[in-house]
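> Residue strings, one per chain:
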Amino acid sequence: MAKFKDVHIPISMSFTLSLIGLLVAATMLVAGVTTAEDFSEFLLTILGGVGLSVALAYALLSIFGTHVAAMIVSALLFAAAGLAVGSLGGAFFGAIGGVLFARLVFWLHFREYRRGLPPYLTAEQVLWHYGFRFICAAIFIFLITPILVVLPLSFNAENFFTFTPEMLRFDPEGYSLKHYRDFFTNNEWQRSFKNSLIIAPIATIISVSLGTLAAIGLSQSHVPGRRAIMAMLISPMIVPLIISATGMFFFYSSIGNFLEDSLGFNKTFVGYVKVILAHAVLGVPFVIITVTATLVGFDRSLTRAAANMGADPMTTFFRVQMPLILPGVISGGLFAFITSFDEVVVVLFVGSASQKTLPWQMFTGLREQISPTILAVATILVVISIALLTVVELLRRRSERLRGMSPG
Amino acid sequence: MSDATQQDAPQSNGPVLAADGTPLKQSLARSLRRQKLRALILIAPLLLFVILSFLVPIASMLFRSVENGIVEETLPETVAELASWDATSGELPPEEVYAAFVRDMVVAVDEKTHTRLGSRLNYEETGMSSMFRRSGRAIKKLDPVEDAPFKEKLIDIHDGWGEVKTWATIQTHSGKYTDGYFLNAVDMQRTAEGPEMQPENKRILLTLFGRTLKMSLIITGFCILLSYPVAWLLANLPMRISNLLMILVLLPFWTSLLVRTSAWKVMLQQQGVINDTLVWLGLVADDARLVIINNQIGTIVAMTHILLPFMILPMYSVMQTIQPTYLRAAKSLGATNWTAFWRVYFPQSIPGIGAGSILVFILAIGYYITPEIVGGTKGVFISNRIAYHISSSLNWGLAAALGTILLAVVLILYWAYDKIVGIDNVKLG
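Line by line, the protein sequences give chains A and B.
Numbered per our numbering, the first sequence spans residues 1 to 408.
Numbered per our numbering, the second sequence spans residues 1 to 429.
Okay, chain B solo, but in the shape it has when bound:
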C-alpha cells in the first residue's frame, strides 16, 4: 500500500514524464523541434534552388538598375579632379582636369574600355559615344607627361571637349550609384541642375507605361464582361453538361500561347479569315478591309481571348458556392429579376470578379509575345521596350530600371491578391 503511494507520488506532484523518463513538456518540445527541422530539410533543396536560380537573378537586376561604377572605374583621376569644379559657373574645368583626363584615357584606350564608357554616357547625352571613339585614337598618341598642357589639344581633337555640357555630364554621372536609369525610365534626365524632363521628342516611356496600364485595364474589363455570363452558365447548368462546356474553356487554356497568337494572326490579317468572311457576307467592301491587326485592336482582341480562361475559372469556382435558393428566396419575397440579381447574387460573386481581375491584370501588364506579334507599333507594351533595350539598344541599365518599376507594380498587386484571395487558394484547371 505504501509502495503504491510512493510510486504514484511523483506523477501527481512532479512533472509528467514521458516513457524515457524526460519530462513530457521537454519531450514534446523536442519532438516539435524535430518535426520543424524535418519539414525544413524537405523544403530546403527547392528553396535554395529557387533562391539561387530565380531570386538572385531578380536581385541582380535590381542592383543593375542603380549600378554606375563604370565612370569612376574608367576615369578615376578625372572624377577626383572634377569634384571641385562648379558646373553651373559656365566656365570650362581647369587644366588639371584635362591632364587627369588624358592620363585616364591613355589607360582606358589601352584596355579598350573607353568605347564602353562612351556608350554609357551616350544614354545621357547624345553624341558622347562617337566623341569618345574618335578622340580615343588621337589621345593614344599623346604622352601624359611631355605633351602638356592639354586643354587646347583636346579641344582641337574634338569640339565637344570645349563645351561645359560635356564635363557637366561626366561630373553628374560619376557617382558609384545612380538614379539616372530610373529618371530615364520616366522620361526624365539628370543634369547638373538636377532632374528635369527629357526634350519633348525623346519622351516615349511614360506614354508606354500609360498605354500598358490603359490597355491592361481595357482587357481586364472585356474579360469581366465576357466571363460573367459564361461562368454563371457553367455554375448553374447540370454537372454533366457544364463539364462538357468546360472543355471549351480549358482547351484554349491548355493550348500553347504561340498557337493562339498565330491563330489570331491568321484571323485578323487583311487577307485573313475574319476579313474574308466579312467580305464574303458583303458586310465590308473588298477594297475597304478592316485594319484589325498591328494596332491596339489586334492586341486587345487577341489578349482578351488568351486571358479569358484566367477570368472564367476563378469566377466559376466562386459562383459554384453561391446557393441558388437565395435567388429564389429574393424572388418569392417580391424582388424583380434584376433586383434579385443585383442585390443578392452579384454581391456574392464579387470575390470571383476580384480574384480574376487581379490575375488577368497582373498577367496582362507583363505580356510580351502577343503584343509583339499582333500589336505593330501602336499596340506594344512596356515589356516590348524592355526586350528592345536588352537585345537591340543594349542599354541594360534602363531595361533593368523599367523591369524594376514593372516588378514593383506587380508585387503591389500580388500583395493585394494575397490579401483578397490568399495565394494558397490559387487553383489550376
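For reference, chain A alone in the conformation it holds in the complex:
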C-alpha cells in the first residue's frame, strides 16, 4: 500500500512535544482554575505540569520503539504518582491516565490519526473528522452515564445518593449489599414487586392474544376501514398517559363501584382487574405494530399450500403461520410487558394502595422519603432491561433470517 507509506514517518519531535504541552496546559487550566491560591502559584503549577509531561513524552519517544512498553512504563509512573496522592483509587485512575497518555503521545508522533482515512484529506478535514467523533462520543456519554452511575452507587455502604470518599478509594468498607438486602426483606418493596409480577404478565397475555389475532386480520388484503381501525388500535400509544389516566380514572371508578356494589366482588380483586385491563390496553399498540411488521414479510402462498394439502385453518395457523411470526409476537409481547412493568401514571390513578406496583413504590420513594434502596431496585431493573434488549435483538435477527431479509 504505497499511499499509506507516509503514515509511519514521525512528525518532527518539536511539533509533538509542543502539542502535548498545550494539551496538558489546557487540561490543567480547566481543572485547576480555582484550587490555586494566587496567580504566581497558579502559573508555577501549570508550568511544572507542562514541563513534567513534555519531559516524559520526550523520554517515552526516544527510549521506547513500541507502544506497549511505553504504555506499561507510563502506567506504572502515573500509578505511583496516584498512589502517593490518593491511595488505591488514585493508583487505579493514575494507571488508566498513564496508558492514555502514552497512547496519545505515540498516536500524535507517528501520525496514526491518518490511518484509515483517505490520504487526500487536508489537515482541517482530519481535524474535523476527529472533532466530530469527539462530539458524538460526548453525546453517547450523555446517553449512557446516568444509567452507569446508578450501578456502583447501589452498592453504597452509606445512605447517600453520591460517591463517598471510601468508594472512590476502592475501600471495601465503602461498599455493601445492604440496599439489596433491604429490597429483598422490606415488606413494602416485596409486595409491590409481587404486584408487578402479577399485573404485567396477565396484561401481556391479554394484549398479545387479542393483538396477534387482530394483526392477522389487519394484514388480510381486503379490510374495510383499515386506516380508521389502525388509528383506533394505535391510539393508546399516542394519547399522553396523563390523559388516558384521567379518562380511565373517571370511567374505571364507576365500573369498579358497579362491580363491587351490584355484583358483590371483592374490592382487591376488582382493583386488580381494573389495573390489568388498563395496562392490557396500553400494551396493545406495541403488539399490533411489531406483529403487523412481521406479517409484511410473510409469504401468503405458504398458507395456501397448507390448505391445499388438506390442513384446516386452525392447523395452518398453529403449524405454519405461528412458528414463522413467533419472533414478532414475542418481541411485541416483551414490549407490552415492559410497558406494563414500567407504567406508573395509570396505576397511580386507577389502582388503590393494595395494587401498588414497583414503579409506583419507586415514584413515592423518589418524591417523599429518599432511600438508596431505589438505586438497588434501579440496578435490578437495568439488568432486566439488558436481558430483554438482548432477547428482542436476537429475535429480530432470527426473524430477518427466517424471512431471508438479511444474510446475518
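Simulated from the structure, these hints should not be mistaken for laboratory data.
All of these numbers come straight from a predicted model, not from anything done at the bench.
Incorrect hints may appear among the rest.
Claimed, not checked - Computed list of lysine to any residue pairs in SDA-like fashion (alpha-carbon distance at most 20 Å, straight line): (1) K36/B <-> R226/A; (2) K267/A <-> I255/A; (3) K36/B <-> A307/A; (4) K112/B <-> M128/B; (5) K36/B <-> P313/A; (6) K419/B <-> R226/A; (7) K36/B <-> V223/A; (8) K331/B <-> L117/A; (9) K378/B <-> L206/B; (10) K356/A <-> S392/B; (11) K153/B <-> L92/B; (12) K36/B <-> Q220/A; (13) K151/B <-> W85/B; (14) K194/A <-> K267/A.
Fit chain B to the given chain A structure using the hints.
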C-alpha cells in the same frame, strides 16, 4: 361436432361460470365478502376491547368536562324560579326564589348533597363551599311552609344570601352543560355579564400551558441538535460498529423511565454526582454548587435524555436510506463540504427530523413523572396540574377540561404525523 359447439356456447356468450355453476362474478364477490368478514371477525375482539376500555373512558372524560347537572339536580325549584330574575338589575331575587331555595335545601341537606353542590360552586366563587356547609345546618331546622318569609331569615343565617353575586353565580351555572370548566382552563370565568378573565392572582393555567409548550419546544430542539450527529455517525459507520454503538442508544430506550428519572435525581442534586465532580475538579466552589434540580434546567436535561432515543431512531432509519454517492457527486462537482451537506444531504434528512420532532413533542407535552420529580415548582407541566386536580383539589371537571385541551393538541399533531410519516411506518427498536 354439434355437441361440442352447444357445450362451448354458454361459455363464450353467457357469463363465465365458477365450478359450482354460479356466475364467476358473483362467486368472486361472495369470496371477497367472506374474506372481509373473516378479517373483521379477527379484528373485532381487540377493537371491542380497545373501544370499551380505552375510547369510552376518554369519551367519558370529554363529557365530564362540560357536564354540569349537579346544580339543577340539587336545586330544581330554585333554578326554575331564578330563570325570570335579572342578575344585572342589581336587586336581590324575589321572595319566591328564597322560598324555593329553602324547599330545595331541606331535601338536599337530608340527602347530604348540599356540600357537594357547595364545592362545585366554590370553583366559580370562593367562599360558596363554607356558605353551603354552614347554612345547611341552620336551614335544616326551618319548615318550608310555616316559617315563611325566608329572605330575612336566610340573610341572618349567612350574609352571603344577601348578595346579588351569590344568586348570580347560581343562575349562571344552573345549565345542564357548561363551558365554565373550559373557561377556567384558560384562566377565564363565566359571570352574569359573560366570560371574563380571572383576577390577576388566580391566573396560572395559561402560564402553565405556555410553559409546557415552550419547554417541549426547547426539549425537541435539544433532541434534534444532539441526535443529528449521532444518527449520521450510526448511519455511516460500518454495520458491525454501528450495531454495537446502537446498544448505547437502545439501552436507555429500554431502561425503565423511573430508573432514568432517579438516575437524573442522583446526578443533578446539590450533593449529587455532577456537582461533586465539578467541585472536585475545582470548576465550582464548594459553597456555590449549581442549582440544577427542582427547576426548569432539571426538567429540560432529564427529559432531553429520556426522549433522545425517540429522535435518534427515526433519524437513523431515514439517514440509512440516503445514498453516500450523492455527497461524493456533489463534492466532485466542486461543492465545498458545507455546501454538499447543506444543499444535498440535509434536505434528504428532513423527513427523519420531522418524524422524530413530532414524536418527541407529542411525548414531551404529556409528560408527568419526570417534571414531577426533577421539576420542582418552576419546572412542572400542565399534566402535573391535571394530576393535582384529580388527586388533591378534586376539581374533576377542570381536570377533564385541561385533559381535553391537551388531547386536542396531541390529536392535531398526531394527524400531522400521520400525514407526514404514516402511522403504519412507526418502528420500534
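> Now, for every hint given, state plainly whether the structure supports it.
Each hint, compared with the structure:
1. Taking the CA atoms of K36/B and R226/A, the gap is near 11 Å; set against the 20 Å cutoff, the hint holds.
2. In summary, the hint linking K267/A to I255/A is supported, as the alpha carbons are separated by about 12 Å, within the 20 Å threshold.
3. For the given pair, K36/B sits about 19 Å from A307/A by alpha-carbon distance, which is consistent with the 20 Å threshold.
4. For a cut-off of 20 Å, the pair hint linking K112/B to M128/B stands: about 16 Å separates their Cα positions.
5. Under the criterion of a C-alpha separation no larger than 20 Å, the hint pairing K36/B with P313/A is consistent with the structure, at around 16 Å.
6. Between K419/B and R226/A, the direct Cα distance comes to roughly 16 Å. Compliance with the 20 Å bound is thereby established for this hinted pair.
7. At roughly 6 Å between alpha-carbon atoms, K36/B and V223/A fall within 20 Å of each other, so this suggested pair holds.
8. Taken as a hint, the K331/B and L117/A pair is honoured in the structure, with Cα atoms around 17 Å apart against an allowance of 20 Å.
9. A distance of roughly 14 Å separates the Cα atoms of K378/B and L206/B; the hinted pair therefore holds under the 20 Å criterion.
10. For the hint pairing K356/A with S392/B, the CA-to-CA distance comes to about 19 Å; that is within 20 Å, so the pair holds.
11. Between K153/B and L92/B the alpha-carbon distance is near 14 Å, which keeps this suggested pair within the 20 Å criterion.
12. The hinted pair formed by K36/B and Q220/A meets the criterion: a straight-line CA distance of about 8 Å does not exceed 20 Å.
13. This hinted pair checks out: K151/B and W85/B have alpha carbons roughly 15 Å apart, not beyond 20 Å.
14. Distance check on the hinted pair: K194/A and K267/A sit about 18 Å apart at the alpha-carbon level, within 20 Å; holds.
Every hint, counting from the list given before, is met by this structure.
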